[in-house]
Amino acid sequence: MWELLARSLEASTIFLFAALGELINQRAGVLNVGLEGLMLFGGTTAFITAQATGSYPLGFVAGLAIGGLLGLAHGFFSITLRGDQVVSGMGLWILSFGLTTYLGNPHTGPLGLGRIASFFGLSPFFVLGVALVGITWFLLFRTTQGLAIRSVGENPAAAEGSGISVTAVRYVCVLCGGVLAGLSGAAYTLSYNPVWNYNFLMGWGFVSLALVFFSMWNPWILLAGASLFGIMWQLSLSPELVLPGVLSRYVWRMVPFAITIPILSVISTPWFRRRWGLARPEALGRPYEKS
Amino acid sequence: SSASAAAAKNATLAILHFSVIKGTTWSGAHDRAGQRLHAKHPNVKIVVGNAEFMGLPLKDIADKYPNAYLGSVVASDITTKRNFIRFFPRQYQALYLEGLIAGALTKTGNVGIVSAFPNIQVLRRTAGFYLGVQDAAKALNKRVNVYVKYVGDWYKPTEERDIASTLVSQYKVDVLTQQTDSGSPLDVAQEKKIWFVGKDMDTVGFYGWSNTDTVAVSFDTRWEVLYDRMIQDWMAGKQNPRTFLYLGMKDTMTLADGTVEPTVDIMNNKKIGVDAISPKALPLIPKSIVQLVGQRREQMLKGDWDPFTEHEFVSNGTGLELKGTPGTPIPSKGTVVKKAQQVPADDWLLGKFNFDLDGMTILK
Amino acid sequence: MPKPLHADGPSAEPILAARALTKRFPGVLALDHVDVEVQEREIHAILGQNGAGKTTLMNILFGLVQPDEGALFLRGHQVEFRSPHDALAHGIGMVHQTRRLVSAHTVLENIVLGHPRVRGVLNLRRVAPEVEVLCNKYGFTVDLAARVWQLPEGERQWVEILKALYRGAQALILDEPTSTLTPPEVTTLLAGLQALVRDQGVTILLVTHKLPIVMAASHRVTVLRSGKVVARVRTADATEDMLVRHMIGRDIAVRTGKRSGEPGLPVLQVDRLSAVNDKGQLALQDISFSLREGEILGVAGVTGNGQDELAQVLAGLRDAVSGTVRFDGRDVTGLSPLAHWRVGIGYVPAERVEVASIAAFSLVENTALNYHFDPAFARRGLLDDARLEQLTRNILSGYDVKAPTARTRAQHLSGGNLQKLILGRVLSRKPRLLIAHLPTQGLDVEAAAFVRAALLDAKADGAAIVLISEDLDEILSLADWVAPIYEGRFGAVLPRAEADIETVGAMMAGWSAKEVRVQ
Amino acid sequence: MRLGRYDVTLEPRTTRPAFYSSLTAAGAILLALALASVLFLSAQTPLLEAYRAIFSYAFFNPNGLLATIHRSIYLLLCTYAFLVPLRAGLWNIGLPGQVYAGGVAAFAIPFVFRTQEAQTLSLPPVLLILLMVASAAAAGAVVGGFAGILRARFQVSEILVTMMLNSILFWLVAYMIKEGGPFMSPRGEGESFALPPALHAPLLWGVPFTAVLALGAAVFLDILFAKTPLGYRIRAFGQSPAAARYGGIIPLALSLLVFLLGGGFAGLAGYHYFAALPGVYKISGNYGYYGDLSFYGIISALIARGSSLGAVPIAVLFAGLSLGARFAQGELRLPFGVDYALLGLLMMTFVASHVLYQFRVAWRRVPSLALRHAPTQLPPG
Ligand SMILES: Nc1ncnc2c1ncn2[C@@H]1O[C@H](COP(=O)(O)OP(=O)(O)OP(=O)(O)O)[C@@H](O)[C@H]1O
Ligand SMILES: Nc1ncnc2c1ncn2[C@@H]1O[C@H](COP(=O)(O)OP(=O)(O)OP(=O)(O)O)[C@@H](O)[C@H]1O
Ligand SMILES: [Mg+2]
Ligand SMILES: [Mg+2]
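Chains as they are written, first to last, in this note's numbering: chain A, 11 to 301; chain B, 79 to 442; chain C, 388 to 906; chain D, 67 to 447.
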């Protein structure tokens with residue numbers, strides 16, 4: 011049972027890294043719906059690099075770098091050019107989906123390196139994820155830089171008027187978001203399932219995106235949400251361990267995705283917003299024009 | 079599915095595979111077949127590609143192109159036409175040998191299969207493997223459970239990994255094999271340091287996936303043997319002289335470099351036969367079983383023995399109910415579907431084999 | 388590197404000077420070689436009509452906008468502000484025309500936001516006493532832990548000033564600080580500003596287009612018109628008339644509305660109406676009044692006291708939590724917005740760009756916003772484009788809208804012209820009840836006069852009008868009934884004759900009718 | 067950015083000539099094709115041969131052309147499925163799920179009428195075919211409408227909901243066609259039963275009648291958006307939901323409607339692919355690939371800037387390109403995924419052209435510091 015739980019937590023780290031990056035993005039007011047694309051590209055690059063060089067660190071560096079680059083590309087479009095953030099995000103997703111399919115294809119198959127060590131079966135990335143959650147929370151809510159980030163996401167004009175460069179803060183945040191998405195992808199292809207195949211995420215990036223909304227932009231709730239989703243995902247693959255023979259495996263496979271929809275709906279109701287507050291950054295998705 | 083078509087006098091062989099992915103066990107073997115045929119028949123144009131079909135299964139267009147010779151892998155449908163042949167290799171023979179090795183290797187007495195979903199092809203191949211496992215168990219006087227856990231698709235690497243992991247961690251499986259196409263189960267076996275038994279292709283030898291420390295043995299399918307028969311028929315001016323090709327270990331071809339190879343064989347790291355057994359696994363397998371593997375292989379190469387003829391088929395009560403009229407229900411548990419020493423009909427094997435053998439555990 | 392403002396002793400140089408500032412926006416020359424000099428310890432008013440370039444000038448002084456030409460000087464040293472950060476570092480603070488506070492954050496968080504001395508780990512407990520000291524110095528009480536959205540508008544203004552002072556601003560730019568304050572709050576603010584100059588040596592740049600404020604509070608005035616400086620005078624030497632002429636450039640041609648007859652039949656009865664805002668708080672409480680044909684009810688109040696909710700409930704865009712609205716004797720509470728249009732209720736919302744028009748649509752398509760459901764404008768299931776265009780042309784000429792053609796996109800219209808178009812469009816439906824929310828906000832004197840005249844015309848034609856405005860003068864000049872609104876309640880519904888500026892002003896600040904009378 | 071004495075900035079365009087939008091669309095496509103040459107060169111394929119293989123197969127080879135037409139119909143229907151909600155400002159990325167739903171619903175008709183067992187029809191075939199078309203459209207509409215209603219009622223992100231529905235419906239199809247599922251083929255090969263020949267969609271000149279639907283819809287949608295009150299409402303809502311609500315448009319009804327309509331088109335695409343294509347007539351085992359392919363619909367709608375008529379040539383081009391690329395891959399032994407790469411490149415150049423379309427590069431001299439002397443005091447008046 012412990013192994014199953016450990017595996018679930020490893021799955022949740024994939025969601026967690028990407029969602030944490032997106033959370034930072036969104037706290038600064040930038041919406042990146044192309045998260046899945048960043049993860050695909052980061053994961054593929056990390057995989058190819060690690061396989062070519064035989065070095066995990068290099069793989070991670072490459073994955074993080076490409077994630078960061080794509081994050082910056084999204085930033086350029088949405089911050090500097092003040093374009094539609096959904097268009098840009100969707101663009102990144104489809105671009106990555108298409109190009110990684112092509113680039114990664116010759117590498118289809120196992121990575122062929124020794125596994126990254128684990129602590130009693132628990133992925134070191136989960137530990138890293140928890141640490142990052144703590145760091146992010148502290149950064150966002152206990153430092154002036156965090157106050158600046160949150161202000162930029164709520165009311166960029168007010169932040170700019172207080173001497174904060176909205177552009178700089180947003181760029182730093184999209185960079186962080188991109189790097190974390192790249193990390194998520196790299197953790198997927200180098201540790202969670204070091205076997206490359208095209209479109210390997212199959213919607214995990216979108217689940218991560220949904221998790222940010224669930225979390226009400228709070229890293230700790232995000233951690234809980236990601237863990238829950240990881241467990242749900244793992245159980246959906248082995249339903250016989252919980253409810254043997256109750257439903258078809260195909261129905262179980264739908265469950266994690268299906269549960270997302272009612273949760274999203276509930277947290278979107280006016281009742282819920284009134285009860286738990288409107289945490290959604292006020293300026294989310296809106297380009298900022300000076301003055 | 080896969081097809082070959084040759085046009086006019088200057089023959090062209092087109093091998094189309096619909097599986098999206100190159101770098102899988104199944105498609106990889108087809109790819110290799112194209113290369114080997116190209117070497118053997120330099121004057122025949124061989125085209126291998128991922129087929130894009132907006133419809134048009136070969137069966138339907140066969141009438142439209144009466145001068146072409148078409149063929150298709152059997153999944154279960156065995157209908158044919160004058161210029162349309164069905165073919166499949168007798169992989170169950172090699173799988174039986176793998177089963178012997180797997181049954182001998184397990185210490186926990188649990189062998190796991192990561193499988194796609196039940197269909198005739200899968201059930202039949204699994205039966206071959208299972209008979210091997212049980213023969214080894216009997217010879218060594220131990221109990222071996224075979225667990226099957228389905229993924230739901232041929233190619234879902236992430237899910238295949240998790241299902242393999244669950245087999246290892248929850249069902250204490252220490253020998254793993256797969257009836258799916260990705261490299262994930264192999265990767266799990268390597269990670270968990272248990273034995274893996276491969277499918278469709280010698281992935282250690284051809285893809286360099288993993289090594290013989292993990293892969294105890296694999297089986298290798300040479301589609302080129304089947305295609306070669308069809309090319310030869312075509313060049314001799316004959317189209318579909320048979321209704322289907324169901325070739326096994328006794329059927330061989332000679333490659334361009336002079337190697338004679340049977341349609342299927344156990345193979346690992348480019349070694350064949352008993353030598354294919356991983357050097358690290360060999361000491362762990364009782365001599366009697368190694369001998370048995372060698373003996374059965376020799377018999378099958380000669381065509382003197384066949385596991386499906388030798389053994390009786392007793393239904394496990396699980397499998398796949400075939401619909402349609404008349405339907406084929408799953409024989410109820412304990413039913414003796416075929417008696418020992420009785421030769422099963424090829425069309426029955428290819429089109430009706432819809433049950434698991436008694437004693438297997440299908441995880442739902 | 389010039390020194391910060393406060394580091395220097397008194398000198399003859401102007402503390403802050405702008406030389407030959409020019410700023411172009413696509414299609415507009417917002418500033419045209421503007422020179423401004425501000426002396427130390429003065430309240431310097433910048434006066435000008437809408438669009439004169441006041442905000443643009445201030446944004447340049449604060450580093451938010453970079454000039455195309457010209458330069459800034461602090462005590463004679465040239466400086467370049469690439470962002471507000473630079474301006475703040477030089478001791479210049481700004482309170483913007485539109486509130487620039489993060490409403491989800493606490494007052495204290497807003498005050499320390501971006502402060503150069505508060506770095507790294509956010510230790511608000513250490514900062515709080517300092518801010519409290521500052522509050523005490525100016526006799527200002529505010530709950531530092533309160534979230535900004537919970538504060539009344541007047542206090543938010545003070546939070547912004549406090550924030551600038553906490554950063555050590557020696558020159559303070561205030562852009563239209565009085566536009567959202569009640570008359571008593573205005574008095575308090577101006578007194579406070581004068582004290583700042585007198586006691587703390589702060590220099591203040593006060594942007595406004597309200598003459599009485601200039602006359603009451605400033606030492607010197609610079610008048611801008613169409614991006615040019617047209618006058619620099621000492622307030623003591625100026626008269627209101629003179630300043631108006633500088634501001635407008637000529638005498639105003641004001642159109643007056645039709646004179647109306649006696650009020651007619653009752654049109655609207657509102658009974659104990661309550662509604663909640665988007666945050667779910669009760670924003671409108673127990674509103675009751677009735678209105679007859681040819682009458683105007685003026686709802687006077689500072690923004691954020693339930694006006695939005697009132698207008699939206701009356702237009703059918705928001706549900707009431709209790710109470711009823713009867714129109715022509717029929718209960719219309721809870722009917723859809725479309726049903727409101729159909730029965731003859733017209734609505735001119737405050738947000739002319741976001742709500743009342745669609746920027747990317749042509750003027751004809753914008754007209755269709757109020758006609759797409761009208762069978763008279765559909766032919767065989769298709770929209771009757773020719774008729775819509777004809778109607779649009781009529782509105783353009785009838786309401787003096789300056790637009791190249793009826794196919795121009797709405798985004799190319801100036802604010803005043805857009806407002807006239809919207810009003811004309813809504814009135815072309817001949818509504819029996821018109822809800823006009825801030826109809827003249829941001830309009831220049833002429834356009835505002837035009838809009839007021841159009842409202843009077845509609846009244847004369849028998850429409851009942853609910854006029855929601857922050858401009859007390861406007862309400863007092865148009866309304867038959869005056870209802871001061873404060874925190875979602877009407878202080879009273881006074882007949883025009885009983886409504887004087889002090890009474891209404893006091894009620895807008897939350898005094899009850901009884902308290903006002905005692906005073 | 068400063069370059070010498072000039073300040074270079076991107077400025078929003080104030081005027082956008084009409085031809086500019088077709089120009090940028092063409093530019094985006096050409097640029098993507100040009101970028102694809104990097105892929106060919108890296109695979110050491112002669113460029114001209116690669117492009118020749120792609121285009122000659124897609125548009126000049128009789129088999130290829132037919133396939134291109136078939137695929138164009140599919141892509142066009144997917145394009146509309148994305149385009150209609152887009153005009154209302156909503157993103158329907160649930161095309162795969164709605165396509166699957168359409169396929170399943172189409173096959174539900176012969177299943178309910180038990181034709182797959184007896185191969186006999188209890189109703190006239192025309193009626194059954196009509197029922198299949200209607201049921202496919204309705205199922206797509208229901209799946210789409212579900213996202214629409216959540217969006218309208220609770221402001222739930224339609225992007226997330228439609229994406230989740232894609233996964234859900236993917237497994238629903240698997241459930242239906244595999245392992246004894248209701249629609250499993252009689253031999254259990256992981257695909258659905260085949261339609262009896264009587265239920266094959268009628269062909270007009272070798273092309274299924276869905277072509278008429280696809281082209282008719284282009285005209286219909288164009289008129290809808292240009293001329294009808296409903297189209298006006300959708301556009302108004304897309305530009306400004308607040309203004310639309312002010313104008314009496316009911317957001318709930320509209321969000322629902324565009325998703326019903328969009329989903330309906332995707333459902334028809336599902337019908338077209340699974341039940342109308344000569345030779346298919348079943349839910350094939352590789353249905354997931356057609357889900358991926360439907361994303362081309364997103365790009366053609368975006369590049370066509372929401373114009374249904376403009377989308378026709380673009381969808382045909384994309385159909386040809388994706389098929390031709392697959393063909394070239396086999397013919398020239400290119401690595402797998404050329405068609406996917408092209409999809410990505412097209413998306414990238416679209417986003418770039420989107421920028422070009424809205425901005426222009428402005429050069430401005432850095433402000434000179436030469437100052438006029440400022441008069442300190444103007445005489446009043
Ligand atoms: N960012 C901008 N882009 C384009 N034009 C602008 C921009 N900001 C201001 N303008 C234009 O510049 C001119 C001056 O505007 P400004 O806001 O400075 O006027 P103002 O005097 O503050 O008016 P108001 O009394 O309405 O606040 C106006 O015509 C305005 O439309
Ligand atoms: N951001 C902008 N982008 C493009 N054009 C603009 C912008 N702002 C203003 N304009 C154009 O500048 C012109 C002046 O607009 P502005 O709003 O300043 O008028 P105004 O002088 O304030 O008049 P009014 O009193 O009627 O509001 C208009 O033609 C308007 O279309
Ligand atoms: Mg201003
Ligand atoms: Mg204006």
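Fair warning: there could be bad hints in the mix.
[To be verified] Calculated cross-link-like contacts (lysine-lysine; reagent style DSBU-like; alpha-carbon spacing at most 35 Å):
1. K524/C with K300/A
2. K300/A with K615/C
3. K118/B with K271/B
4. K597/C with K300/A
5. K442/B with K316/B
6. K666/C with K300/A
7. K293/D with K597/C
8. K817/C with K300/A
Hint data in this document are derived by calculation from the structure and do not stem from the laboratory.
Taking the hints in turn, this is what the structure says about them:
Between K524/C and K300/A, the direct Cα distance comes to roughly 34 Å. Compliance with the 35 Å bound is thereby established for this hinted pair. About 23 Å separates the Cα atoms of K300/A and K615/C, which keeps this hinted pair within 35 Å; it holds. Between the alpha carbons of K118/B and K271/B the distance comes to roughly 40 Å, so the proposed pair goes past 35 Å and is violated. A hinted pair counts as satisfied when its Cα atoms are at most 35 Å apart, and K597/C with K300/A qualifies at roughly 26 Å.
Taking the CA atoms of K442/B and K316/B, the gap is near 48 Å; set against the 35 Å cutoff, the hint is violated. Taking the CA atoms of K666/C and K300/A, the gap is about 28 Å. The hint holds against a cut of 35 Å. At most 35 Å may separate the alpha-carbon atoms for a hinted pair to count; K293/D and K597/C exceed this at roughly 47 Å. Our distance criterion of 35 Å between C-alpha atoms is broken by K817/C and K300/A, whose separation comes to about 41 Å.
The structure fails to meet hints 3, 5, 7 and 8 from the earlier list, while all remaining hints are met.
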